[in-house]
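Which chain is which? The protein sequence lines are U and S, in order. Under the working numbering, the residue at position 20 of the first sequence is numbered 11, and the numbers go up by one with no gaps. Every number in the working numbering is 1 more than the matching position in the second sequence, counting from 1.
Just to be clear, a hint being listed does not mean it is correct.
[Claimed, not checked] Pairs of lysine-lysine residues, derived as DSS-like cross-links and limited to a Cα-Cα distance of at most 25 Å, are as follows:
id	chain 1	residue 1	chain 2	residue 2
1	S	K14	U	K84
2	U	K47	U	K100
3	S	K14	U	K33
4	U	K58	U	K33
5	U	K(-7)	S	K58
6	U	K100	U	K84
7	U	K84	U	K(-7)
8	U	K33	U	K100
9	U	K(-7)	U	K58
[Unchecked claim] Pairwise CB distance ranges, derived in the manner of DEER restraints:
id	chain 1	residue 1	chain 2	residue 2	range
10	S	G85	U	G45	40 to 46 Å
11	S	S23	U	A8	39 to 45 Å
12	U	D18	S	L96	19 to 25 Å
13	U	E6	S	G41	30 to 36 Å
14	S	N60	U	R19	19 to 25 Å
[To be verified] Calculated from the model, a selection of chain S residues having no Cβ within reach of chain U, i.e. all distances over 10 Å:
id	residue
15	V20
16	T21
17	E53
18	F65
19	S71
20	N72
21	S87
Calculated from the structure, these hints are not laboratory results. Glycine included, C-beta positions come from ideal geometry on N, C-alpha and C.
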Amino acid sequence: QKEVEQNSGPLSVPEGAIASLNCTYSDRGSQSFFWYRQYSGKSPELIMSIYSNGDKEDGRFTAQLNKASQYVSLLIRDSQPSDSATYLCAVNKAGGGNKLTFGTGTQLKVEL
Amino acid sequence: KAGVTQTPRYLIKTRGQQVTLSCSPISGHRSVSWYQQTPGQGLQFLFEYFSETQRNKGNFPGRFSGRQFSNSRSEMNVSTLELGDSALYLCASSLGPAGETQYFGPGTRLLVL
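Work out the full structure, taking the sequences as your base and the hints as a guide.
And the structure:
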C-alpha cells in the first residue's frame, strides 16, 4: 500500500462545476496535510494546508480532513479552465520534520 | 518578498560527472528541503536542512549530498551521475523545521546523457 494515494485521473469537469479531488494516507501519525497545484513543466504551487479535522475554505478552494478515515480532499468550486493542472496531495508525519510524502497527483481537466 | 530561487534552471551532464545545484530560500526562512521529481517515481524527498544541520534524509544513495550555509542558502551535490538521475530537482523553503508549510522554487531540470 502506498503511503499517500490519489486517483491519477484525468478528472474532467465542465467549466463552472465543482471538482472533487481525494487523497488517502496510511500513517495515522500524519499531522499536516497540503494540496499543491502543478502546471505542466512548472514547480508545485501551494493551494491549501490543513491540520485539523473539518473543513478549511480559501476562496474557491475547500480542503476537508478526516483523520479517523485517513483521507483529505480538495473541492474546487466554479472550476475554470485555468484550474486544469495536476493536484498533488502531500502529508507530513508527526516528528518527521519537514519531510513531505506526496501522492502521484490527480490530473484535472476543466472543459469549456 | 522574493520567492525561492534555484540555479541553474537547466543543466546537461554526462554519466560519471558530478553536479552542484543551489537554492536560496525565502528571506527569513531557515529550513530548506530538496526533492526529486521524475515521471516514474513522482516527487520524492531527498533531505532537509535547518540551521546548517541535516535533519532528515530520504532513501537515496550516498551519491546525493547536501549542505546549508549560515545564510540558509543550500546546495545539493550529485556525484558520479547516472542516467536515472535525470529529473527535476526542487528546493522548498519553510520558516522552521516542524512540519511547516513549504514553498517550492522553480526547480533545476537535470538531463544526464
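Evaluated hints:
no., hint, verdict
1, S/K14 - U/K84, "violated, 35 Å"
2, U/K47 - U/K100, "holds, 23 Å"
3, S/K14 - U/K33, "holds, 21 Å"
4, U/K58 - U/K33, "violated, 31 Å"
5, U/K(-7) - S/K58, "holds, 19 Å"
6, U/K100 - U/K84, "violated, 30 Å"
7, U/K84 - U/K(-7), "holds, 15 Å"
8, U/K33 - U/K100, "holds, 17 Å"
9, U/K(-7) - U/K58, "holds, 17 Å"
10, S/G85 - U/G45: 40 to 46 Å, "holds, 42 Å"
11, S/S23 - U/A8: 39 to 45 Å, "holds, 43 Å"
12, U/D18 - S/L96: 19 to 25 Å, "holds, 24 Å"
13, U/E6 - S/G41: 30 to 36 Å, "holds, 32 Å"
14, S/N60 - U/R19: 19 to 25 Å, "holds, 21 Å"
15, V20, "holds, 18 Å"
16, T21, "holds, 19 Å"
17, E53, "holds, 15 Å"
18, F65, "holds, 15 Å"
19, S71, "holds, 19 Å"
20, N72, "holds, 19 Å"
21, S87, "holds, 15 Å"
Violated hints for the displayed structure, listed by number in ascending order: 1, 4, 6.
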